[in-house]
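**Q** What follows is the residue order along each chain.
2 protein chains.
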Amino acid sequence: MQWTEVLATRNTRMKASEIRELLKLLDQPDIISFAGGIPDPALFPVQAFRDAFAEALADGQAAAALQYSVSEGYRPLRDWIAEEMGKIGIPCGADNILITSGSQQALDYLGKLMLSPNDTALVGWPTYLGALGAFNAYEPRYDRLDPLGNRSADSFAEAAAAAGGRVKFAYLSVDFANPTGETLARAAREAVLDLAEQLDIAVIEDAAYQTLRFDGEAIPPILALEIARKGNIEACRTLYCGSFSKSLAPGLRVGWICGAKEVISRLVLMKQAADLHSATTNQIVTEKVARAGFDAHVAKLREVYSARRDHMLAALAREMPDGVRWTQPEGGMFVWLTLPEGMDAADLLARSLATERVAFVPGRAFFADGSNGNTLRLSFSCADEAAIDEGIKRLGRLLR
Amino acid sequence: MQWTEVLATRNTRMKASEIRELLKLLDQPDIISFAGGIPDPALFPVQAFRDAFAEALADGQAAAALQYSVSEGYRPLRDWIAEEMGKIGIPCGADNILITSGSQQALDYLGKLMLSPNDTALVGWPTYLGALGAFNAYEPRYDRLDPLGNRSADSFAEAAAAAGGRVKFAYLSVDFANPTGETLARAAREAVLDLAEQLDIAVIEDAAYQTLRFDGEAIPPILALEIARKGNIEACRTLYCGSFSKSLAPGLRVGWICGAKEVISRLVLMKQAADLHSATTNQIVTEKVARAGFDAHVAKLREVYSARRDHMLAALAREMPDGVRWTQPEGGMFVWLTLPEGMDAADLLARSLATERVAFVPGRAFFADGSNGNTLRLSFSCADEAAIDEGIKRLGRLLR
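The listed protein sequences derive, respectively, from chains A and B.
End of the first sequence = 400 in the UniProt record's numbering, gap-free, step of one.
End of the second sequence = 400 in the UniProt record's numbering, gap-free, step of one.
Hints should not be assumed to be uniformly reliable.
[Claimed, not checked] In silico lysine-lysine, DSS-like type, Cα no more than 27 angstroms apart, as pairs: (1) B:261 with A:15; (2) A:261 with A:87; (3) A:261 with B:261; (4) B:288 with A:288.
If you are wondering where the hints come from, they were derived from the structure by calculation, not from laboratory data.
Please build the complete structure, drawing on both the sequences and the hints.
**A** See the structure below:
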């Protein structure tokens, strides 16, 4: 069988995530890894999940918890999420929420909703590589979103038309973004909305890390800023993607999209055709755990992760040679390093694994054009203070 | 915002499933419903699931159960499935298995893997409407698969080329298919393989109901017949889609694809990009429940469902007027009725809900061309004997 003969063209762009392939190699106990970017499992609210599963499977509840359910998602969970969205400046109802299997699925569905081959997606330079992976299946072209860069809307539209499509959306993560850890200033958020208005495109706001702010002042989400302009969510072009993966636990695969009903109802049909619905049990359990103690749990996460961030920033200041720069994240899980021009972080990783046994993610994969080989991502979410001290010291040695 | 301006063309073909829309209307307690086609929740192995969740979340286990996991799926579950596949003539290993979020997701991924717009998918006439829904997102054309119909491979290929694409696969469910309840004879299975060889296309074998055989002799799956021809699974073009939704419980969304490693490895990349992985907890729990007592549980399901099938067939024989024909399923959940030419089952349903209060699914939605309005699907899976007697009596009255 010649499988290549029956493949759709979209599959030519699917390739293994460097990060996930790398993670498979990191089982060796002597490696200090800043590569993962996953939540620390020691912080999962295990007892709360145990209680919630037991309750969901109690007599009288179990049949519904194990049965098929509606494509839009479990109503009490959508209600809880809508309440939370209201608290961050996004008044909405359950009909504005679609439950997805993690926010990765949200990105896949939004690409599927909007991208025809050769359409243009505006993305950060760098951006979340999982977003590029999800969108790639729909064969887009990428152009660089630089909110305060003063490039005209016309020039984006013209470049998209020349490539045989149309600009469909701008994708960005505004708070403690993966991979940079940086937060987009309010003026830049407003500028993204201005550009989207001029181009008449959607905005995909990836809020995966939003609850993990350690310090600094919270800036309203883009969707909140747009609602402030337009009066209500139904008139808005911003689609907000949330996730419980970083706040409660990723293994249950529960995330959501929040937006205008007109879009959500189309996405419900898409989900019905693609996987019927996200796991019923997982949605019920997530609602119970969230309602019982979301804020208290997230406060605890912030405390632990922010101490690790502090520790990593102090170690970097101590150990990095001149010419290396890094970001100062106000939350999330990542610090982004820029090495001197001409250095290649992929080469550095190979040397590091061979000699110093420290792992990180080379930055090139986060750029749609594979540029900026002199960057790398460090995650502080799973490393204890001793590992941070030792790992950053080794990295400094490598760079000297 | 003009959302229609940013939609990909594929979305024009997504529409609400008639069945799922209908199900929303069936909450009224006085309606006797043969519409659903879902497993009877009273038969879920609730205690086994309770025990399995408690075990998966025990100290020392919980962190892994709630964490991210690999895209291909939980290894012990893939091992268990591979063992089971071996028992039905499909010797394979864990690398031949991808875990999906239900077999609906398997159909979505296989459409995404193979279909470019205007490609042709060969499907039954009728076929599972959820398969049409999943494939529609990739904008195929459909042609009628009639295994013993003697149409030449060339004529399929020519029609596909004339439509601007290529035949990519044949999709079919061979055992107690949804919606007809019919089983494909061995000669017809071999004929599908012959046609697929001539066209050099894939075969998608949907085995959602396969474990639910009540009587008659088991016929090897198409993938087993192909392995018998070729010696091993790596040389095979058949992709087998399995599911725990009908055997254990659908709410956890666990299914699988079994096929050549070359295809599975591509699908793993697709899954990584689309939703990272199916829920970790659900896979762990499914493996525990399956390993502890899959065969005993399925034996119990067969006993209950087969009694309901017998009861429904007896009621149909008693109540249906001349000119109505129906299938004689050897397993599964469905009986398929053909009404006299010229009758329309959608009109009948409207009258039925208004007067006799019996629900079923009109057959038209199961035909890619919307033909055969004089057919309908009855499910016996959730109806007790009294409801079957009364419901079929009312249906007979309507048809007289």
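**Q** Identify every previously stated hint that the structure contradicts and give their numbers, smallest first.
**A** The structure conflicts with hint 3 only, although it agrees with all the remaining ones.
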